[in-house]
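Q: Letter by letter, the chains look like this.
2 protein chains.
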Amino acid sequence: MQAVKVGLLGLGTVGGGTATVLLRNADEIQRRVGRAIEITHVAGLGIAGQTIVDPAKVRLTEDAFEVVNDPEVQIVVELIGGYTLAKALVMKAIENGKHVVTANKALIATHGPEIMQAAMAKGVSVCYEAAVAGGIPIIKALREGLAANRIQWIAGIINGTGNFILTEMRDKGRNFDDVLKEAQQLGYAEADPTFDVEGIDAAHKLTILASLAFGIELQFDKCYTEGISRITTDDVNYAGQLGYRIKHLGITRMTENGIEMRVHPTLIPEKRLIANVDGVMNAVLVYGDAVGPTLYYGAGAGAEPTASAVVADIIDTVRAIDCAAQQKVPLLGFRPDAMSSTPVLPMEDTQTAYYLRICAQDKPGVLAQISNIFATHHISIEAVLQKEPAEGQSMVSLILLTQKVQERNMNNAIAEIEALGSIQGEVIRIRMEHLK
Amino acid sequence: MQAVKVGLLGLGTVGGGTATVLLRNADEIQRRVGRAIEITHVAGLGIAGQTIVDPAKVRLTEDAFEVVNDPEVQIVVELIGGYTLAKALVMKAIENGKHVVTANKALIATHGPEIMQAAMAKGVSVCYEAAVAGGIPIIKALREGLAANRIQWIAGIINGTGNFILTEMRDKGRNFDDVLKEAQQLGYAEADPTFDVEGIDAAHKLTILASLAFGIELQFDKCYTEGISRITTDDVNYAGQLGYRIKHLGITRMTENGIEMRVHPTLIPEKRLIANVDGVMNAVLVYGDAVGPTLYYGAGAGAEPTASAVVADIIDTVRAIDCAAQQKVPLLGFRPDAMSSTPVLPMEDTQTAYYLRICAQDKPGVLAQISNIFATHHISIEAVLQKEPAEGQSMVSLILLTQKVQERNMNNAIAEIEALGSIQGEVIRIRMEHLK
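These protein sequence lines map, in sequence, to chains Z and V. The opening position of the first sequence corresponds to residue 1 in the numbering used here, with each subsequent residue numbered one higher. The opening position of the second sequence corresponds to residue 1 in the numbering used here, with each subsequent residue numbered one higher.
I should point out that these hints are in silico values taken from the structure, not numbers from a laboratory. Errors might be hidden in some of the hints.
Put simply, identical chains are the same to the list, so a pair is met inside one copy or across any two.
As the list claims (entries may be wrong) - With a cut-off of at most 25 Å between alpha-carbon atoms, the simulated PhoX-like pairs for lysine-lysine come out as follows:
#, residue 1, residue 2
1, K181, K363
2, K436, K172
3, K122, K87
4, K436, K271
5, K387, K5
6, K271, K328
7, K328, K122
8, K57, K436
9, K363, K5
10, K404, K436
11, K328, K5
12, K181, K5
13, K436, K363
14, K92, K363
Please put together the full structure from these sequences, using the hints given.
A: Laid out in structure tokens, this is it:
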């Protein structure tokens, strides 16, 4: 059989990794697929100096549109990232009848509906395994491996930079800014770390996971997003004393009223396997009604781990290249005519337990005042920890763990507590999940 | 589109779970697949009294051959277990042009080659996701999700009963026999626990994983198999003091000389995520050259977790039911004409580190004698722990950790040590892996 012809857009970290893996493992891959996969075109800025692919065999260009418009190319692999150009290229590739593989989570999360619709109309596939959790085949697990289940919830460590920072804060007692600087030096975090530490990257990924889990449209704008930049070593330590670890989780859950979709720092019991996922590693915990909890762990970023997912998508595309569209797995796991309109809940309507830290005057009656406010809002307290004031200071730290409560009730209770004269500053709140 | 018609063979734990999941999640599954999946036939002994499927809609029979011979049935789901009858039924189903889904690890590991060959000749598929690690979609991960990689090694906790026993021994200091009895009462272990505790069940599963990882034929007879029945609480405790946990692992590894394939108790560093997989849960750690380590965790047994995998296979089969055979994923992940003849190594030719416990006289010179023997056989010692004799006893326990060495060398060294006059009884050996 003839080789399948692939055009790569981008030869940076992931593009370079993809070319490297495809070339190095060409024979192993052919043993699996039964035909060769050939990189015939590569587009990239400053591509002339590249040393990864053989210029005698591969057409190199700085103009990515040349690749998506070349009739010879059968599969376009978009690895340039970003929104505008990437979107234009992907849409053009689809228009030209080419299958698309992309690692671009921002693109899928925000322009996915338009892209998927164009692809379905044209009968081509759009694969994006590398867009969530790098090399972990979590998209495949959700679309296929767990297809027998009604998914109940997903909780994932889906941003390696954030997990690295929280791990270092816990293990070495370092503060956020200090570790962030190191993460940037190590190349884990971008010069502008906002996407990682403020949770936007994780929210892109969670949007995709929620769509795959519940068969809803991609709705990035509905995702509640809170980063880790306000987490202090104090909170990390207090959590540890109570048997919890703080992880930056993306959580999506089907409830009676709608779907929760939220990214935020979260206390989880240290005994859970996912609480022990450290450093830059990613993990996704999925709860299905039949299978119960399953967990998928691996590298969430990096050249070759991401390439592993990109190339798996290329292989899937090649294997099914002559299949009719209706015989393939639907792009979002559910048939386009069977998407659900279950709404994504506003954050105020979600339910979770809480860790709260309150800086209060060390005098009788303060805890009673606070307890009364919680009682008024139907919030049950599960544990209280009081940290004595430092020498010469008059304020104590009260740490409280609550039972599950609606976010709206908690907002109201916190507003009342912050208005008390005996309280200093804001109430620190970190959500808490038992993941059972 | 017309419903796809499924015949179930067996309505026991897994068969009942499969019917329950297919019925309960019928609408969710149809949203994914685009057509209904209907159980039209069920075979089982004493089936008349069953209450899971509606006898008005499903043909019930005690004769499983009636199901595999019925022209109406498109997919046969074999869930009766065992070798002889199961094999005859599966072969007959294939002969009749039906697709097969099975959870039968023993059948695939021992009769797989014959079954696969018949299926390929007939152009039908044989799926067996539930045969390894229950609900964890590990077969799919190896055949598809990690298809870009050259797999280097796999290490798995793939028998829940064994893991439950070892977890209880560690957490509660209980001995093997005691926990085994409880496991039997809880229904985790069979009345005849040999398959579980002596590693035969794990060896069946490892045989399948090795074939999928490396593209070799299924070779159950080449798998080295050692159980956990000789593990003592002493060894569990000493391992813990040295920072290790004892897990019953199935390990397969590609080496320069051939493929290792072995099931045995193994010390692993307690910091590894897989060391923290406790109770009846399963986990498989896969190392690919591009992706690095990935881990898959979940329930390895039980009615609905196993059904989750069985039904996922049914869904895969339905989705691709009209695809040509060459467009499907090959049954063993690699094309039948591209299978590798890399040999499976005899156990003596494998390499691993060791934990050794030696009962020795408490007198000068004994450690020197032992050290000399190790030196002669090129075995490096990494750590020594000496446990003082109990009051009134003259023997000490010497615990040694070695570096990686060939099994043959270790056998020779142990034979010489056991021949020493200053040593009592056998040298206890447990293999050790760092899983990095």
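Q: Take the hints in turn and mark each one as holding or not.
A: So, going through the hints one by one against the coordinates:
{"no.": "1", "hint": "K181 x K363", "verdict": "neither (40 Å within a copy, 57 Å between copies)"}
{"no.": "2", "hint": "K436 x K172", "verdict": "between (29 Å within a copy, 23 Å between copies)"}
{"no.": "3", "hint": "K122 x K87", "verdict": "within (16 Å within a copy, 44 Å between copies)"}
{"no.": "4", "hint": "K436 x K271", "verdict": "both (11 Å within a copy, 23 Å between copies)"}
{"no.": "5", "hint": "K387 x K5", "verdict": "neither (65 Å within a copy, 65 Å between copies)"}
{"no.": "6", "hint": "K271 x K328", "verdict": "neither (40 Å within a copy, 41 Å between copies)"}
{"no.": "7", "hint": "K328 x K122", "verdict": "both (14 Å within a copy, 22 Å between copies)"}
{"no.": "8", "hint": "K57 x K436", "verdict": "neither (53 Å within a copy, 37 Å between copies)"}
{"no.": "9", "hint": "K363 x K5", "verdict": "neither (75 Å within a copy, 73 Å between copies)"}
{"no.": "10", "hint": "K404 x K436", "verdict": "within (13 Å within a copy, 39 Å between copies)"}
{"no.": "11", "hint": "K328 x K5", "verdict": "both (20 Å within a copy, 20 Å between copies)"}
{"no.": "12", "hint": "K181 x K5", "verdict": "neither (42 Å within a copy, 60 Å between copies)"}
{"no.": "13", "hint": "K436 x K363", "verdict": "neither (38 Å within a copy, 54 Å between copies)"}
{"no.": "14", "hint": "K92 x K363", "verdict": "neither (68 Å within a copy, 82 Å between copies)"}
Comparing the model with each numbered hint stated earlier shows that hints 1, 5, 6, 8, 9, 12, 13, 14 do not hold.
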